[in-house]
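For the record, the sequence lines run as chains A and B. For the first sequence, the residue numbers in our numbering are 1048 to 1495. For the second sequence, the residue numbers in our numbering are 1048 to 1495.
Think of the hints as simulated: they come from the structure by calculation, not from any bench. One or more hints might be untrue.
Note that identical chains are pooled: a pair holds if it fits in a single copy or bridges any two copies.
Listed below are the simulated SDA-like cross-link pairs for lysine to any residue, each with C-alpha atoms no more than 20 Å apart in a straight line [what the hints assert, rightly or not]:
{"id": "1", "residue 1": "1393", "residue 2": "1311"}
{"id": "2", "residue 1": "1052", "residue 2": "1104"}
{"id": "3", "residue 1": "1052", "residue 2": "1108"}
{"id": "4", "residue 1": "1434", "residue 2": "1391"}
{"id": "5", "residue 1": "1108", "residue 2": "1408"}
{"id": "6", "residue 1": "1314", "residue 2": "1390"}
2 protein chains.
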Amino acid sequence: MQPNKDAALATDLYELTMAAAYFENNVEGRATFELFVRNYPKNRSYLVAAGLQEAVDYLLKLRFEEEHIEYLRRHPNFAKVDESFFQYLKRFEFSGEVWAMPEGTVFFTKEPILRITAPIIEAQIVETYLLSIINFETLIASKAARVVDAARGRGVVEFGARRSHGPEAALLAARASYIGGCIGTSNVLAGYQLGIPTYGTMAHSFIMTFDSEREAFERFSKAFPSDPAFLLDTYDTLEAAKILASMSVRPYLVRLDSGNRVELSRKVRRILDQAGMSYTKIFVSGDLSEYVLDEVTRKKVPIDSFGVGTELVTSRDDPALPGIYKLVALEQRGGIIFRAKTSEGKRTIPGPKQVYRLHNSQGKIQRDVISLDVETQPPQMKPLLTKVMHNGQVHSALPTLQEIREHTKMELKSLPPRFHRLRGSATPPVSLSDRLEQITRTLWNSAS
Amino acid sequence: MQPNKDAALATDLYELTMAAAYFENNVEGRATFELFVRNYPKNRSYLVAAGLQEAVDYLLKLRFEEEHIEYLRRHPNFAKVDESFFQYLKRFEFSGEVWAMPEGTVFFTKEPILRITAPIIEAQIVETYLLSIINFETLIASKAARVVDAARGRGVVEFGARRSHGPEAALLAARASYIGGCIGTSNVLAGYQLGIPTYGTMAHSFIMTFDSEREAFERFSKAFPSDPAFLLDTYDTLEAAKILASMSVRPYLVRLDSGNRVELSRKVRRILDQAGMSYTKIFVSGDLSEYVLDEVTRKKVPIDSFGVGTELVTSRDDPALPGIYKLVALEQRGGIIFRAKTSEGKRTIPGPKQVYRLHNSQGKIQRDVISLDVETQPPQMKPLLTKVMHNGQVHSALPTLQEIREHTKMELKSLPPRFHRLRGSATPPVSLSDRLEQITRTLWNSAS
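Can you make the complete structure from the sequences, with help from the hints?
Spelled out as structure tokens, the structure:
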């Protein structure tokens, strides 16, 4: 997925007014910003990092075109801004350094997942776009991990394009869902652009086009003779199953989209089995969430896989990840000055940081330590942020989507059971290093 | 906003498998589909139609490129599909007729807001994209109308790009928020591409870049001498206000982003007034929703305008509009056959429809009647669906964004007070015409 050609303007106006003010005042030092999540969405105890690929693609391609600059020149806020600023925008490229947790990494609140060091204007301008992409993909990858958990081994297909927040959100949601553990998506664009497996059966409208369900099933089989998949609930699910059982088609799969699907799946299974169609899979969809799946899969039900749409692609129980992007340090006067926000309830931890993780002997996450990036930690502590960009260029190749997906699987396995609970929020197993703790206290106290 | 070049594939796979099955079976008759909302999101009593412009742009440009077709040829589901289907896709253009409620129209559940009549494959393939765009923009325009209501005359600026579901969702949300009554957005791209007024102040990071707030304010004023806008809550809001009051800058606006903003706005107002800065506006942001605004604006508070982000652009209290797109009629054997889905809890109303609205003598909406499109209604009943496309081309020019926004204002004024309540759902003032009621009963009963 490539960024829109106008992506440079996909930002909040204040990023550009601040840029103009920095420029006017010759504030040119390098600044470090970090992206982190202050609080979990409802019922979350961990998050799965996602969106880095799109973030890097954006940083690589970020340019202000002549039309963009012309728009800003005519903008009332910029009426008195000197032409030299617009000339600067014309030359603008991202030249900074980026450290980030690889996509698929499990992380907790307060931990920086992305750290950018660049001339302050560059680091500032990219804030809005990076937050939008990373907040959303991380939100959905994390939600998908919960839904997949609740499916207890059955496959989950992302099915939500029609309820996503526009076609691009649908594509990003398909990607993030795949990272989070879904086996595929209904979204063809995600197959075409990202190589994600795509799945589909038929809609009620197909059945309704013909005079009878039998005719609809026959017609569909004619086009898809080897592995037809049929939707059973247009009129009456059990009647439809009986019609199918009396036919000579060999359905690969049947879909149940409404009604009491636990009960219906058992009855449909029986009808199919009696007709010798034990090879036919039962696929269930329609208003499913991790909460519903958890209930359903606790029982013994003959459901082979699920399609989850709205709840997944909008993260319906909490549809926004409150990730923020904060200034933590400034290079000036030959040194690095740490910065923190100290306003009530919104205090931040100063300094460029690294996150170290300790696993126990069973390979489970024991604890994370947030330390200054210049500190070293014992060798058994593994650093989570890796260098992704250097001088505005890719530093080391990013993993493929398949590799990311495998990484997520390992990460989720390393997460102790209490974090996998679907309700409540486990305390993040996170502390600050002694040195960072001390610096933070000093800075917070000096402000109050 | 123009559709992505790969928009043809921004669809669910089943739309294309159904297309192949229709093609294989020579099902070529024209079909009519309608888009409507079965149930309101939480606490909604009306909706504001939006997204038609993007829907029409998509229908006009919809083409399958050679690479798209090649992807489908190699897709396992299409392994046995005849080459003639791919040749058909190569020629594919939308040739149908579209009727729709103009954007900004207030509507209720069950009412069709878009009706498409086209050869069935065309009408089917476009389902996913149309739902995605129209569901989302309608969701946000409706949410914005609530937020603007709750602001009681104060301006509301959409501020949510960083929490939107990706950059495109941010742009669509800015557009829909403007339709719903916001005065503008922080999103520069929405200004550039759609001409929406854009607003911005500064971030905490700007303040934190300098050694003191005084210095930060001075530096910003240097770049923006005529109407600087300052953020006050980086460290201590009242201290910052006092610093500003002691300076010679003439702030156009101050922003309060955290803490008890009712109390702070009063204290800041007093500080500014005592310094002779009664011209300085107070702008409040940070975790605002229509529910918070309603509380705040019931009191006498010196707040001039609001910035609303996450809650608005994600419609956080209910982030998905369950709009659906259903087959209602088929032209075949020289006639029109009505269709309805009769499955439990998901029944649909058959036949191509028109919605008529009756206003009372005060210009308020009295009731809507859904009737068959071929029925006529008394002249005081105004039809809401107008013809938008004919033979795949625009039938009459769509309104500008400004015109849409004016239309929304009039529409919201015509809505009786009970529908404006922020909690609960008023009963939709909607009934079926006698003839439609009778046809629907007959069709539902014949199925059971």
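What are the numbers of the hints that this structure violates, sorted from low to high?
4, 5
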